[in-house]
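Single-letter residue listing:
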Amino acid sequence: MSGARLSDGAAGGRMIEDVAPLETAGPADVTFLDNRKYTEAFTKSRAGAAFVIAALADKAPPGMVLLVTEEPYKAFARTVQSFYPQEEVTPFRAASAVIDGTAKVPADCAIGENVVIGAGTLLGARCAIGANTVIGAGVEIGDDCRIAANVTLSHCLIGSRVVVHPGARIGQPGFGFAPDAAGHVKVPQIGRVILADDVDIGANTTIDRGSGPDTVIGQGTMIDNLVQIGHNVVLGRGCILTGQVGISGSTHLGDFVMAGGQVGFTGHLRVGSGARIAAKAAVFRDVEPGATVGGIPAIPFTTWMREIAILQRLARKKDGR
Amino acid sequence: MSGARLSDGAAGGRMIEDVAPLETAGPADVTFLDNRKYTEAFTKSRAGAAFVIAALADKAPPGMVLLVTEEPYKAFARTVQSFYPQEEVTPFRAASAVIDGTAKVPADCAIGENVVIGAGTLLGARCAIGANTVIGAGVEIGDDCRIAANVTLSHCLIGSRVVVHPGARIGQPGFGFAPDAAGHVKVPQIGRVILADDVDIGANTTIDRGSGPDTVIGQGTMIDNLVQIGHNVVLGRGCILTGQVGISGSTHLGDFVMAGGQVGFTGHLRVGSGARIAAKAAVFRDVEPGATVGGIPAIPFTTWMREIAILQRLARKKDGR
Amino acid sequence: MSGARLSDGAAGGRMIEDVAPLETAGPADVTFLDNRKYTEAFTKSRAGAAFVIAALADKAPPGMVLLVTEEPYKAFARTVQSFYPQEEVTPFRAASAVIDGTAKVPADCAIGENVVIGAGTLLGARCAIGANTVIGAGVEIGDDCRIAANVTLSHCLIGSRVVVHPGARIGQPGFGFAPDAAGHVKVPQIGRVILADDVDIGANTTIDRGSGPDTVIGQGTMIDNLVQIGHNVVLGRGCILTGQVGISGSTHLGDFVMAGGQVGFTGHLRVGSGARIAAKAAVFRDVEPGATVGGIPAIPFTTWMREIAILQRLARKKDGR
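Protein chains in written order, with the working numbering: chain P, 159 to 479; chain G, 159 to 479; chain W, 159 to 479.
Just so you know, not all the hints are guaranteed correct.
Copies of one chain are not kept apart here, so a pair can be met inside one copy or by any two copies together.
Here are the simulated EDC-like cross-link-like pairs (lysine to aspartate or glutamate), alpha carbons at most 16 Å apart as the crow flies [unchecked claim]:
no.: 1; residue 1: Lys344; residue 2: Glu245
no.: 2; residue 1: Lys344; residue 2: Glu229
no.: 3; residue 1: Lys217; residue 2: Asp302
no.: 4; residue 1: Lys195; residue 2: Asp176
no.: 5; residue 1: Lys344; residue 2: Asp355
no.: 6; residue 1: Lys217; residue 2: Asp372
These aren't lab readings, by the way, just hints derived from the structure by calculation. These figures come from a predicted structure and were not determined experimentally.
Next comes chain P alone, as it looks inside the complex (with noise of 0.2 Å):
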């Protein structure tokens, strides 16, 4: 299941009970090594055994099980997957929850205490929602959704198998107005918040809805906490935004971009599928698929990298050295 090769035989009949970093990892531990950084923590580890690339296979202290991947990290992910596996909802109605006489809620669903559900609501099977969470009026959820505490829903349309982190706030009203010294004129906000499947939204993030069209999360997209995405963003499938990044009203995503932490996006762009773009940078400008971009403007990866080295260059030579 993990897809890896036992490098090592004899030893497949070694008792593994439980996955452990590097370091702490004892004889009965199974544990990873996919970072060279780490390779020192390798050779000294006293795991059991250990998922790692072919390459590395030789650092291994003696005794160690290898488990030769090309990806070490997925495979030890499914490992702690069915060493630790996701519990099952149990049902559950709190007392003290709230929900609106027109409000779908299967049986098998998980309400938290004092979770408040709006009129016209409908949550799908199995979906277990955390304590002092508020889900307005008309939000629709698929199945196997877990909500976490204290997070708000409103105007958003969520698919099955997706997970809200505590604190999120999905469908409140974008920063939508037309300037104006006598007072800035607001646009209402009347589009959606629509959430994929298997779609991940981090703690305390932020999604606005559409000021007409909708915002789009992609299925299997993955935002970490504190991202804020503006109305009418569309994110493709299978992104990943890393902790704080800011993405502005319109700016569409393709499948499988990845930023790094703190990246921001100005509005009305297009990025390519499968950019990636350097923790930090700012894209003020739309990035072609494929493309790796860093820096403030963001620019080409190597560019930047050129172009921190000439400014080193520079101060070095001032400095006389």
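Using the hints provided, position chains G and W relative to the given structure of chain P.
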């Protein structure tokens, strides 16, 4: 009311029933063109009518009714407001709300489920307080305010027509202490937050109470999501702070200052009225009224652009191009 | 107690009744001068007394009692503490709180409205838990902690005298998965968050539980609002993280590290004790103990300043100045 001029008198009889963006608008919808980027979408639009500036009117498809105005977005905003007027507050008091006996809550307010209102707090007329919001003791709120769900308010004085989006935190103690290796010495924070009339606070935004003086947000200022406002910050009227802006303690902004996404201001600065700060900039020094700045550290915008061009040229040279 | 020396013995009899900032202080107030920027305000101040360093004492207005100290802000902090002592916790248990029968909550705690406390959770003496806060199963909290309203805690072990401001999220699963085009493979997160004694966590800050190891925040560390702390991060004692800082997974900071606003750290770094990171910096590499760095990517502070000056000169040249 929208201030536009019909470019084709004969078409005045056409029936417009809704508003919509360029791409999805049909013959019964009014739309707008504001950004030249969307000229092609304008030409292809099936909208029955559009607000547009005179210079782009000739890009319209045949048959579209043109509402020519110098400010198409503002005219559109007003039109959306008339199609989608803000819902009036329906008086309501949730049985689950816990309102201190000394608080004053007019009967025409809507108090959501599990709302908690502390001692001596005063609400104005027609306020709506979202579910699971906590309002501490001694808070004063004006008329016609909309406080969303899961908000926390304390130590604050709020004007009329103020909007607070879900998860905002207003009035908690600021980050005040004297660093000390033997244990940082905290400074009790004893000021308030004052939000003037017509202020709009984004989702999960945080505004700390003053340390002794107050933290003040001026009339009509719009603050987006996940913005951090430190203690003693003073913002003038009509400022616009985009998502994830951060302002350190005791910095003052004048009126109508605009800051793009992820801009940071260090503490104790003075930023003049009408200043504009490009997205992602780091403002480490005072900014003159009316100045436009960008970069890290922020410098005059045109100088920043020149620096970017110079670096680019140097990088190209090294590349032998 | 404030450690200052009275510069004018005769004036020791003056009655000081309150603390106040330079601008608003009157004859019965004590104030302080810490930042040379405010020397003019100091000279104009009507304060009855002021903490000040010796070098600036001659800028005082006539008649002001001077409390000369090398650390005016710290002395002022202690004075404010004595004028405004922290309120003691008044034992209280809201009828609306839902406390699992297996949780232990001492009678001297204050448990706010709608608080939810899970199975097996243990609170120390004299803790205050704000309204609508949710504490998951198995959490342990020491004595004299102040957890504000609308907070979410899970999978964490918290020391004594810890302060958590409103909306903080502590202990949710981190951003752990192996990227895969066929669907990112999530890694179950099984570690905890450990907050040592005297830690202070800002409003809407997020701290993820460890993936297997724990996420650890050292004794006396101060964390401002909207900060993101990834899984397995380890912070030493007395660190200061200003607003909107982000730390990616598995990065370790030593003791007394200071990071300005909006600083970002990528993952798996080692930052030495006493390092200082200028606001907005992006730390992509390990930082030596005691180093001061700034810029994107972060480099030694003086080199960064030199690079900024060089670019500025080049831009001026091109301009013909």
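Unmet hints by their number, sorted upward, for this structure:
3, 4, 6
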